[in-house]
Amino acid sequence: MKNFKKLLAVLLAGLMLLSLAACGGKKDEASWKFGMLSSANNYSNYLDHLSEAHGAEKTGAELVMFDNLNAAVMALNKNDVATLFVDKASGDYIAAHNIDFVFVEESLYPTTNDYSMMTLDTNKEVYDILNNVIKDMKADGTLDTLIANELTAYINSDPVAKDLPRFDGAITIKVAVTGDVPPMDFVAADGKAAGFNVALLTEIANRAQVNFDLVQVDSAARATALSTGKVDVVFWAKNFPCSVCDDAIWEEEVEGTLITESYFSSPVGHVMPKSDK
Amino acid sequence: MFQKFYDLLIAGGAWLTILEGLWATVQISFLALVLGTLLGAGVCAMRRSKHKILSIPASLYIAVLRGSPVLMLLMLFYYVVFAKSDVDALVVAIITFGLNTAAYIAELMRSALDATDKGQVEAMRTLGFSGFAAFRYVTLPQAAEIAKPVYQSTIINLIQWTSVVGYVTITDLTRVINNISARTMQPLFMIIVGMIIYLGLSYLVTGIFALSDIIKKRKAGAK
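If you're matching them up, the sequences are chains A and F in order. 1 is the number of the first residue of the first sequence in this note's numbering; add one for each residue after it. 1001 is the number of the first residue of the second sequence in this note's numbering; add one for each residue after it.
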């Protein structure tokens, strides 16, 4: 019996050592892991194109999806992923706020991340309001001015949140914000939703004379919130080669939804630790 | 280091936002505990009943509520059951966590009651005391003493489970911590800060229980 206990102790100790070794084990050189946010929706063959473009030594690229930027940045910190695949706006934001990282634009297989808004197809009224205003803003150049003025400000400084305008008797549209995607969508120090998306909503509200209610929800519950009608609108980013830029693909892919014209496009690239540059 | 502390936790009223998040966490935890304890007592009474018509639904309730992840339950309540109503998310969270905690509390009460000596109740009854008096003066004080440590850890568990309420549009402590780390891109630092605050809450609960023990001992000493 005593010997049995000893044997068990030795076995357990061995097991512990083994698991420790496995945790700190050498990274598999052949696989090139990179992280991506699950909120940036990807064209399904995208990964193949990308890893092809990066040549043989990087084929077998493995994509790791993260629910939010926090988890992604921590994975990058501990070298779980080699790079984090985000667009220039987010990449610049990360690099501006965390000196350990740099952003490098993807050169071999350049694409853009396009930002739109999404409603249910039963909510055509809201969709039309949003889509028409975005089209108008694109046409008369206000959108470009807004991007030039607001976005850089959000990337480089810590701006305060602005209150959305209120119109008595106007319809109220509930919009989900996650606070997860700076500089587009984050929560300011005072707890209010801020970022470029809110600046855009302010402009849309003024033009269309509608009220927006911002609903802060965890990014993982966005789809549920939209489909159950707890919110009318979610922000929607998509990432795919522009040769196949056709919103119809996405409306088919995400059944029962309508996607507005994109209001902002940002080239994608890699956020990586400074030493890897 | 001090600068980082200031930039992340104080600047721009961030500390107030953290306090607001903490308040949401405390509110949900406390009210869910009150609801859970009352409901748990009821379920426990049903579970211990000799009538199958009462005890079977109670066992079923405990099995279902204890066996399903509280996050799923929360999503189900907010996005399905209360989808069409305008009930505040905070209320839905309190109801969900209350229902979930009730299942645990019912079981901890049952085990505590079962652990008391039945002979003492019989002795009380032979002396002519009513069943209620026997329960009130003999069973309950002893059961409460047995249940105390488990009750304490149930409260601490409850506080930690509430960290998922961000899924139903509530900005609690966890959401505030996540928001700050996304905005400042310092997730590691903020996670440690968040952990310390949750740890503080747990110690507060432990402290309250320890204090109640001390007061009780003093009272016993005074007699």
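No lab work stands behind these hints, which were simulated from the structure alone. All of these numbers come straight from a predicted model, not from anything done at the bench. Glycine included, each C-beta is placed from N, C-alpha and C at the ideal position. One should not assume that every hint holds.
[As the list claims (entries may be wrong)] Residues of chain A clear of chain F, computed beta-carbon distances all greater than 10 Å:
1) V64
2) M65
3) N98
4) V104
5) P110
6) T152
7) F186
8) D190
9) V215
10) T224
[To be verified] The calculated DSSO-like cross-link candidates involving lysine-lysine, where the alpha carbons are at most 30 Å apart (straight line), are:
11) K1004/F / K88/A
12) K162/A / K1118/F
13) K192/A / K1219/F
14) K1004/F / K124/A
15) K78/A / K1084/F
16) K174/A / K1084/F
17) K1084/F / K192/A
18) K1084/F / K230/A
19) K88/A / K33/A
20) K1219/F / K1118/F
[What the hints assert, rightly or not] Just the calculated beta-carbon pair ranges, DEER-fashion:
21) L1060/F / L11/A: 14 to 20 Å
22) D163/A / A1115/F: 53 to 59 Å
23) N149/A / P1149/F: 47 to 53 Å
24) G1013/F / P273/A: 52 to 58 Å
25) K124/A / S1153/F: 49 to 55 Å
26) V1080/F / Y109/A: 38 to 44 Å
27) M16/A / D1213/F: 35 to 41 Å
28) L11/A / N1157/F: 29 to 35 Å
29) G1042/F / D67/A: 43 to 49 Å
30) K124/A / F1005/F: 37 to 43 Å
31) L1060/F / Y109/A: 30 to 36 Å
Checked hints:
no.	hint	verdict
1	V64	holds (16 Å)
2	M65	holds (17 Å)
3	N98	violated (4 Å)
4	V104	holds (17 Å)
5	P110	holds (25 Å)
6	T152	holds (17 Å)
7	F186	violated (5 Å)
8	D190	violated (5 Å)
9	V215	violated (5 Å)
10	T224	violated (5 Å)
11	K1004/F / K88/A	holds (26 Å)
12	K162/A / K1118/F	violated (66 Å)
13	K192/A / K1219/F	violated (49 Å)
14	K1004/F / K124/A	violated (47 Å)
15	K78/A / K1084/F	violated (44 Å)
16	K174/A / K1084/F	holds (14 Å)
17	K1084/F / K192/A	holds (26 Å)
18	K1084/F / K230/A	holds (8 Å)
19	K88/A / K33/A	holds (20 Å)
20	K1219/F / K1118/F	holds (27 Å)
21	L1060/F / L11/A: 14 to 20 Å	violated (42 Å)
22	D163/A / A1115/F: 53 to 59 Å	holds (58 Å)
23	N149/A / P1149/F: 47 to 53 Å	violated (60 Å)
24	G1013/F / P273/A: 52 to 58 Å	violated (32 Å)
25	K124/A / S1153/F: 49 to 55 Å	holds (52 Å)
26	V1080/F / Y109/A: 38 to 44 Å	holds (42 Å)
27	M16/A / D1213/F: 35 to 41 Å	holds (37 Å)
28	L11/A / N1157/F: 29 to 35 Å	holds (33 Å)
29	G1042/F / D67/A: 43 to 49 Å	violated (38 Å)
30	K124/A / F1005/F: 37 to 43 Å	violated (50 Å)
31	L1060/F / Y109/A: 30 to 36 Å	violated (56 Å)
Comparing the model with each earlier hint shows violations of hints 3, 7, 8, 9, 10, 12, 13, 14, 15, 21, 23, 24, 29, 30, 31; every other hint is respected.
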